[in-house]
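Undergrad: Sequence:
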Amino acid sequence: MASEITLGPVRRVVLKLSGESMAGDEGYGIDPKSLEVTATQVEEAVEAGAELAIVVGGGNIFRGSQVAEELGIESATADYMAMLGTVINAVALQSALERREIPTRVQTAIQIQEVAEPYIRRRAIRHLEKGRVVIFAAGTGNPFFTTDTGAALRALEIGADALLMAKNRVDGVYDKDPLKHPDARRIPYLDYMELLSRNLRVMDHTAATLCSGERLPIVVFDILRSGNLRRILQGERVGSLIWNGGERGD
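Using our numbering, the first residue of the sequence shown is number 34, and each one after it goes up by one.
Distance ranges between label pairs, derived from CB positions:
hint, residue 1, residue 2, range
1, Ile-153, Gln-267, 27 to 33 Å
2, Glu-59, Gln-144, 29 to 35 Å
3, Leu-212, Leu-104, 25 to 31 Å
4, Gly-62, Phe-177, 24 to 30 Å
5, Arg-218, Pro-65, 33 to 39 Å
6, Arg-270, Arg-155, 31 to 37 Å
7, Glu-80, Phe-177, 36 to 42 Å
8, Thr-110, Pro-42, 39 to 45 Å
Pairs of lysine to aspartate or glutamate residues, derived as DMTMM-like cross-links and limited to a Cα-Cα distance of at most 25 Å, are as follows:
hint, residue 1, residue 2
9, Lys-66, Glu-77
10, Lys-163, Glu-76
11, Lys-213, Glu-59
12, Lys-163, Glu-150
13, Lys-66, Glu-134
Don't read these hints as lab results, they were simulated from the structure. All residues carry an ideal CB built from backbone N, CA and C; glycine is no exception.
Build the full structure now, drawing on both the sequences and the hints.
TA: So, in structure tokens, the structure goes:
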């Protein structure tokens with residue numbers, strides 16, 4: 034049965050962090066407590082032997098799609114501003130990880146050489162093989178594409194076993210917003226077609242289509258719940274799994 038399909042243990046993964054997950058209850062900026070909780074989960078994953086790459090959003094700093102018209106800024110310009118917000122988050126997360134003596138590299142899709150390495154696929158893979166956490170910033174480096182799409186793209190480029198979509202106090206995919214509707218029902222398993230056809234607010238359609246085309250498993254889970262990331266890597270059922278089952282590329 035579909036509900037019995039499990040992902041099993043995974044090793045190389047891309048963790049997608051929203052900007053909101055770094056903002057905590059404030060909804061804006063970087064919340065020290067949320068940053069430390071995330072860093073703790075990453076530390077546990079590294080200790081478990083994971084090859085971990087992270088894609089960070091920037092909505093806690095600047096959300097281009099929402100403010101472009103209000104500020105009278107072109108959409109492309111606003112998107113580039115939002116990319117810079119993801120770099121701020123990436124450097125903050127890097128610092129939190131390095132305080133824990135976790136070797137970490139930030140790679141950006143737009144060149145900021147004084148702050149981070151440029152994104153180079155083979156270099157990123159080599160970092161992972163050496164046990165370093167790699168944080169991908171600036172999305173795809175192109176306007177009109179979300180960091181969700183950037184996460185799906187990077188996961189496919191580095192040959193990740195799964196894409197882990199971290200949410201802030203939402204423990205999976207629901208049939209409606211659980212923060213607004215107490216009767217919302219969590220969906221433990223669904224396939225790509227259901228994700229796309231039901232327009233569930235998990236990721237944008239471009240990202241979902243990329244994952245569907247390559248049958249890349251997606252796990253949606255609460256990043257602020259202690260131990261969740263480690264449990265996913267060990268093959269435990271956490272949150273919601275989006276997949277068609279079987280091997281990727283079959």
